[in-house]
Amino acid sequence: MTLTITVNSEPHRCAEGLTVEELLREKVYTFPLKVIFVNRQLVKRDQVAATVLHDGDVVEVVHLIGGG
Amino acid sequence: MSQDAQGRYSRQILYPPIGTAGQARLRAARVLLTGCGGLGAAAAELLARAGVGHLRIVDRDVVDLTNLQRQALFDEADARECLPKAVAAARHLARINAEVAVEPIVADLDAGNIVELLAGADLVVDGFDNFEGRFLLNDACVRENVPWVHGACVSSYGVSTLVVPGRTPCLRCLQPELPPTGSTPTCDTVGILGPAAHLVASLEAAQALRWLVARAAPDPAVLITVDVWDLRLQHVTLPPPSPTCPCCGERRFEFLDVATSPATELCGRDAVLVRSAAGASPDFAALAGRLRPLGELLVNDFVLRFRAGSHELTLFRDGRTIVKGTADTATARGLVARYFGA
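Sequence order for the protein chains is A and B. Letter 53 of the first sequence, counting from 1, is numbered 53 in this note's numbering, and no numbers are missing. Letter 167 of the second sequence, counting from 1, is numbered 235 in this note's numbering, and no numbers are missing.
This is chain B alone, in the form it adopts within the complex (with noise of 0.2 Å):
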């Protein structure tokens, strides 16, 4: 290790769990993000920090004005500029710890692609904000052996644990079947704190961080809740894995099997994911010059914003488009349709 390595991680190195060969172990390691937003952005800081040498960040969304209030990678310019989440993330992190090798990927985590963006990574950390991306995740990493550490948090409250596929219970042992969409709070219908995303945030990092040096789990398997607001931490013991469990127990994949559907409501945000049958890269500047005079527009290098009436159309390279000021599943891929022609 160089002498500019040893004095950068000097204080985690005085740590005896990790120390030097810890330290070279964090740095040989490669770490998925599955979003990153409130959790995958903070997780991303910390792990980026402790110079875990490969991150790959994958997020759907683009920065917007109501994620600074906890998201604490992102700024003003970010959300001005309309950037990627991913891309933003890695050119703050770039400007944290060059050291490390910052993969961002905008994209949306589906049956279609996630086996592929796992391949190689030693670690998952679950950053994403819905109950669909984690079943699919869940499924990912059991059938391929991937640990992945759950996180999620909704008002002042957080739940994280470890899950080591045939170690520990997963998901599905505890949550066999997916909740229905809009039968559980999400941060857009009941809000979410800053120092609950980050406290989650920062559980999952620790036990990323844990796994990656001495790939030890503890055990028995422990899930973590926490109330920023209340003031309450509590500590629970986790049975074995389940032998009925769906998933781990009977290997039966079946979020792995789901076909994507062209347009998903983004609950509670009066938004709309609309995926483009025509498929990636649409042309930004002849979309820029038909667009132009019927209302408000934003184009970087990664999307292209329209703004009409009450709607906002936001189109990604990878041919999505989120329709915000409609929760109607076809209003929006008719607005898709009569704005962008996909």
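Bound-form chain A, shown alone (with noise of 0.2 Å):
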């Protein structure tokens, strides 16, 4: 089964199961330093590879940078 989930605002489809560390595999972002909400919650950085991801959250992945 296929799941659709909200990515940084846009769809994206997904199968089940998918935890956050294999959807940041599968993204593949510029910036090394990521901090992610699943549905408005922070997600520690150890508990990204146990996060299962399910129909319908909503994930912000955002960048911290240190340049200015």
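These are computed hints drawn from the structure, not numbers from a lab. One should not assume that every hint holds.
As the list claims (entries may be wrong) - Beyond 10 Å from chain B on every Cβ pair, some chain A residues (computed):
1. K27
2. R40
3. G68
As the list claims (entries may be wrong) - Have a look at the derived ranges for each label pair, beta carbon to beta carbon:
4. B/A96 <-> A/T2: 36 to 46 Å
5. A/E22 <-> B/D298: 18 to 28 Å
6. B/Q71 <-> A/V58: 30 to 40 Å
7. A/G56 <-> B/D143: 21 to 31 Å
8. A/T2 <-> B/T134: 21 to 31 Å
9. A/E22 <-> B/E245: 38 to 48 Å
10. B/Y83 <-> A/V58: 31 to 41 Å
11. B/E245 <-> A/D55: 28 to 38 Å
12. A/A50 <-> B/R319: 22 to 32 Å
13. B/A96 <-> A/R40: 35 to 45 Å
14. B/A348 <-> A/R40: 41 to 51 Å
15. A/T2 <-> B/R117: 30 to 40 Å
16. A/D55 <-> B/R79: 30 to 40 Å
Backbone N, C-alpha and C define an ideal beta-carbon position, used for all residues, glycine too.
Once you've looked at the hints, go ahead and assemble the two chains, each given alone in its own frame, into the complex.
Here's what the structure looks like:
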């Protein structure tokens, strides 16, 4: 079964059981340091591998950067 | 408020959330800007034009030709004269709005001076170009209960959020650990677009003005990201402050206890910042006499710049030297010892 989640405001289809870690691997992001929110809750770094996504989840991926 | 002030600020006084009362609050406000590069210079100009009464601008570097692509407050003369950014900014801002008191401070913000430099500020605007500075600022602001506007940018991308201690998540709620040096991109490694820096600086200035006028923070807290190339703007609702945050939750301020190291690589710039063991006020005249036969020399009221071979050493009044042409801290310290005897 495929799920539809929202990643940074865009619909994203994925397989059931997908974790946040797998999603991040699938989407190739430019910058290394990411902060992830699922349904407005912060996903701590040590929970990225264990957090399973569900149909309708809203994922926001934000980059923290050092420049200025 | 004087007739002149009514006229000068009329277009923002017309904006109801500011009005005459808000303008008076801006005039009474004190803001610290930590860094005066792509973000700090643009934010400083917006705040000065808006009539924020007192701006303390702290920056450790001089204006360089590579800054002019985005740092609209500076010009070629500043780079030629090798003016410290804080000093150049104060001069330009005085011509833009003489009513604003601008206090330029040429220094490296560290655990030893940040609390003192923060004293009296209603708000801090983040103009840092590195994570170390921001983690230090976050600790200082949470401990001293001073709000700060985070802004950062590289490439075409930028981020901003207002941190109000106790009310919104702090930087370490989002990122508990300091990223290792060299692990993240910087403006010197992946570049930076002028519009990205200006857009983030504008977001910072807007959040600053709103806080100074109304003490208003978005509720719930919000983080904005922008990409000026892909034309994407992302609005992320943040959770409440984390009770397990090492800084605002557990109130451990470890970055305020970090001993300042004698030399720091300036990431991606092929340069090293060397701090003097001898302390402040080097004798520029004596040094100039000694160095003139050995290489190319420039001296002004603020810095002594000496070029020998592929190395360029810029010595500041507070005893710091920025050594360009090496990323190796030991080599840089060796050059400082050899030429400046420190």
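Do the hints match the structure? See the list:
1. Against chain B, the non-interface label of A/K27 holds: every CB pair exceeds 10 Å, the least being about 14 Å.
2. With a closest Cβ-Cβ approach of about 5 Å to chain B, A/R40 is found to fall inside the 10 Å limit, against its non-interface label.
3. At roughly 4 Å from the closest C-beta of chain B, the C-beta of A/G68 falls inside 10 Å, breaking its exclusion from the interface.
4. Our hint of 36 to 46 Å for B/A96 and A/T2 is violated, since their Cβ atoms are close to 58 Å apart.
5. A C-beta distance of roughly 24 Å is found between A/E22 and B/D298, which places it inside the suggested range of 18 to 28 Å.
6. Evaluation of the 30 to 40 Å hint for B/Q71 and A/V58 yields a failure: the beta carbon distance comes to about 52 Å.
7. Take A/G56 and B/D143: their Cβ atoms lie about 53 Å apart, and the range 21 to 31 Å is violated.
8. The hinted range of 21 to 31 Å is not satisfied by A/T2 and B/T134, whose Cβ atoms lie roughly 48 Å apart.
9. As the Cβ distance of A/E22 to B/E245 is approximately 23 Å, the hint placing it in 38 to 48 Å is violated.
10. For the pair B/Y83 and A/V58, the supplied restraint of 31 to 41 Å holds, since their beta-carbon distance comes to about 33 Å.
11. The beta-carbon spacing between B/E245 and A/D55, approximately 33 Å, falls within the hinted interval of 28 to 38 Å.
12. Distance hint check: the CB atoms of A/A50 and B/R319 are about 29 Å apart, consistent with the given range 22 to 32 Å.
13. Between B/A96 and A/R40 the beta carbons are some 36 Å apart, a value that agrees with the proposed interval 35 to 45 Å.
14. Checked against the hint of 41 to 51 Å, the pair B/A348 and A/R40 passes, with Cβ atoms roughly 49 Å apart.
15. In this structure the hint that A/T2 and B/R117 lie 30 to 40 Å apart at CB is violated, the actual value being about 53 Å.
16. Between A/D55 and B/R79 the beta carbon distance is about 49 Å. The supplied range of 30 to 40 Å is therefore violated.
Checked against the numbered hints given earlier, the structure breaks hints 2, 3, 4, 6, 7, 8, 9, 15 and 16 and satisfies all the rest.
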